[in-house]
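Those sequence lines, one after another, are chains A and B.
Going letter by letter, the first sequence gives residues 1 to 261 in my numbering.
Going letter by letter, the second sequence gives residues 1001 to 1298 in my numbering.
The set of hints was computed from the structure by calculation and includes no laboratory data.
One thing to keep in mind: the hints can contain errors.
Computed cross-link-like contacts, DSS-like style, restricted to lysine-lysine with a CA-CA straight-line distance of at most 25 Å [to be verified]:
#1 K165(A) with K1295(B)
#2 K148(A) with K100(A)
#3 K100(A) with K1052(B)
#4 K1295(B) with K148(A)
#5 K165(A) with K148(A)
#6 K100(A) with K165(A)
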Amino acid sequence: MGLAGAMHQGLMEVDGLRLSFGGLAALDGVTFAVAPGRITALIGPNGAGKTTLFNAVSGLVRPHAGSVRLEGEEILGLKPEQITARGMVRSFQIARGFPKLSVFEHLMLYGQDQPGENWTAALLGTAAARRREQALAEQALAVARRLKLSHVIDNQVTALSGGQKKLLEIGRTLMAEPRLMLLDEPAAGVNPTLAEEIGDLLRAIVAEGRTILLVEHDMALIERISDHVVVMAAGRTLAEGSFAQVRDNAAVQDAYLGGAR
Amino acid sequence: MVSYVVFLLVVAGIYALLAQSLCLAWGVTGLVNLGLAGFFAIGAYASATLTKWGGAPVPVGLLAAMLAGAVAGFVVCVSTLRLRDDYLAIVTLGFAEAVRVVASNEIWLTGGTDGISGIPAGLPRDWGQGFHLAALGIVTAILGLVWFALRRLVASPWGRALRAVREDQIVAAVAGKRVTRLKAEAFAIAAAIAALAGALYGHYTSYIAPEIFQPLITIYVFLAVTAGGNGRPTGAAIGAYLLIAFLEATRFAAEILPGVSAVQAAALREASVGVVLILLLRLRPRGLFPERNQKAPA
């Protein structure tokens, strides 16, 4: 489908992705593109395959067929760390993390290209490792300030509130300097005020030249912040367009309301 | 009495080295290595055979032991990549038993169940007390070096990545860490440290045999590391010294107890270790020296 790829001009292009667990097709040929410099929202009823899609494109599970291209290069089959190194970083739905690590360590850990992660350089304490550590620490402090996590930066993550965990999830993704951020329900379970703040934060991140693909159930938030909406149902792309377009689409309404005609 | 204390300090230093090994593999990286005694044995045999029959100087034997330990650790780790937690524990336990069985049966190499005696120490044994003091100095200095290096490693970005692997491998991979490589490095380095401890043990006591490398050694080191703080090299080392001190102290305490037979006293000693560990973990759940988090610069 070289023609379709050329037509999409996406930062990321997902084409005909298929993955089944036993007899159940979790992804059944899902196809869409993520345009650069925008917020694309991926919506769909529970079980539509959104999280599975995230797992597939981030290298955690291996689809049976299809392709995922990042800036035109195939990334299907790469390991999660290789995909992160290429500038696509995902977050997790249930603030999944490292219980015994502090907020600061979470942020530092997402820093890429740290030569001190080589054990010999770590043992010798090379200048390159120290310089990189300093630069990352400054970046981590800046991210923490931006996300209002400065006062809890040395706390272990288990001591954070639900909202702070959500913010940290975004913050550590940012630390990897991604071009494309895949955010899995970045505002789920937080109070409306914080959800609004998270929405503003995501707009600001995109304004800095990054691209976001997010899965979210908060329709008010999606309407407010997204440039483009992709609707998934039963492992396929059901519709795409502006929020208003997909809201008025009869097939989308059917999928959400259980197909009552 | 002095020679008894010196002997105990050497043995405790060797246990402390084993504790450094376990601190790295299990405490920091989360790899449950129940095969510690196996790596200990590999180091002891590697250095003993090379120095006694190969005529190599003791320092070369020590280096060869570390290399043998690292290779064995790498092989065990890579062959168990898909295993975690209980499963890795079972395989490593099996590995240690296999080492013991091989050592008992490959008589041409290991002397079989008779073991290897007359292992050179690199120091004249006829120095008497001086020999033991010199050995104490060497073992303690080596422990200090290993402790210093390990502390540096644990506090480094490499150590931070290992701790992330321990907590959640998948998130660590998404954070850009090469999980398999990190685990193999940590496990191999830890195995090299355990092997070094084994080599030192052989040179000091001059005699090794398969029956010495019992799983109980591994269990004792787990106790020491748990009590001291499993993610902190300092805690692991102090835990080992405390364990030896406690085990020896109970030996005297059991003799003083009236109306207790020797068999009962031995059982009481074992039980008291358990009681103390439970009490300690009630009071200090993360050990005497809990793992440190990297502080943000002010």
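Taking the hints in turn, this is what the structure says about them:
1. K165(A) with K1295(B): holds (19 Å)
2. K148(A) with K100(A): Since the Cα atoms of K148(A) and K100(A) sit roughly 21 Å apart, the hinted pair holds (cutoff 25 Å).
3. K100(A) with K1052(B): This hinted pair is violated, its Cα atoms lying about 47 Å apart.
4. K1295(B) with K148(A): Roughly 17 Å separates the two Cα atoms, so the pair holds.
5. K165(A) with K148(A): Satisfied, since the Cα-Cα distance of roughly 12 Å is no more than 25 Å.
6. K100(A) with K165(A): holds (14 Å)
Consistency with the previously given hints fails for number 3 only.
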